[in-house]
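> Sequence:
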Amino acid sequence: MGRESLHVVIVGRGRAGGSLVASFRKAGVEVTVIRARPLRAATKPRFVEADVVVLAVPDHAIRQTAARIQTDDLVVHLAGSQGLDVLAGVARRRGVFHVLASLDGRSPVPRGCLCAWDNGLDWIDGCVDDGDTGEYENDGVLLARLAKKIGLVPFRVRDADRGRYHAGAVIAGNLATALLHLGVQQLVAAGVDAEVARTSLARLLQTTAARALQAPLVHALTGPVARGDVDTVARHLAVLPPGPARDAYLLLTRVLVDDVRPPGAQGRAFPGLRDER
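Numbering (numbering that gives the first Met the number 0), first residue to last: 0 to 276.
Hints were generated in silico from the structure; no laboratory data involved.
Predicted, not measured: the structure shown is a model, and the values here were computed from it.
Don't be surprised by glycine CBs; every beta carbon is placed ideally from N, CA and C.
Between beta-carbon pairs, the in silico distance windows are:
| no. | residue 1 | residue 2 | range |
| --- | --- | --- | --- |
| 1 | 60 | 29 | 21 to 27 Å |
| 2 | 166 | 238 | 27 to 33 Å |
| 3 | 233 | 59 | 44 to 50 Å |
| 4 | 26 | 186 | 37 to 43 Å |
| 5 | 163 | 24 | 31 to 37 Å |
| 6 | 199 | 257 | 27 to 33 Å |
| 7 | 207 | 66 | 42 to 48 Å |
| 8 | 159 | 190 | 47 to 53 Å |
| 9 | 158 | 201 | 31 to 37 Å |
| 10 | 101 | 26 | 16 to 22 Å |
| 11 | 26 | 203 | 31 to 37 Å |
| 12 | 157 | 238 | 45 to 51 Å |
Assemble the whole structure, with the sequences as input and the hints as a guide.
Printed below as a string of structure tokens:
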């Protein structure tokens with residue numbers, strides 16, 4: 000831990016693994032890549048030595064892959080929804096290293112992204128408070144250091160909180176695609192070419208995300224709710240046919256009115272919004 004150089008072994012090469020390889024190499028971290036399928040098919044475990052062994056494999060293959068590795072070093076997986084239990088009994092030193100980003104497997108992980116890590120120990124400022132010492136204490140420090148090395152923001156997410164954390168990531172990162180789909184449907188119904196609708200709404204979503212990067216959500220919000228434009232919201236609800244698009248519009252508009260819009264915004268009351276079904 001005292002030396003400056005780091006050696007990371009990445010097992011597997013999915014999109015997360017590929018982007019981490021690019022990030023580590025760009026940051027000057029020594030990286031060795033091992034193919035996962037031949038490893039799992041081998042008749043005996045493979046000895047691996049590194050500062051950190053990263054399992055860049057599908058969630059269902061984490062435990063099986065870890066069982067084929069013989070090492071005393073720290074073994075981590077990249078799954079956002081899985082905790083430390085998946086490595087129990089197959090890795091002596093284990094951890095989680097989840098990057099909160101949508102990755103393509105070629106480009107480095109964007110700098111500034113959250114890295115949700117855990118190693119199961121209670122430590123504050125590098126000190127374990129449960130009486131443990133040594134290499135286990137250092138594992139948390141190592142994971143935070145590794146995240147910072149590639150420009151990520153390390154934040155510890157414990158196993159008990161991981162489900163809530165990952166659900167939040169899916170709501171913002173994956174369900175936004177469902178909203179794009181519903182938006183494209185409405186533009187196409189209005190006569191816009193499907194490809195033009197898709198790319199135009201994707202760019203609109205980019206500008207929305209850019210505003211959220213620059214300011215708190217109450218200040219980043221635009222559109223009829225931010226303006227207190229009750230009439231426009233009513234017109235939208237009148238023209239949207241019953242179905243997923245209208246349901247999503249109604250539910251999420253209520254969220255904006257109740258939770259996101261700044262207190263005291265003009266047009267405070269949205270009459271009828273509560274009565275809509």
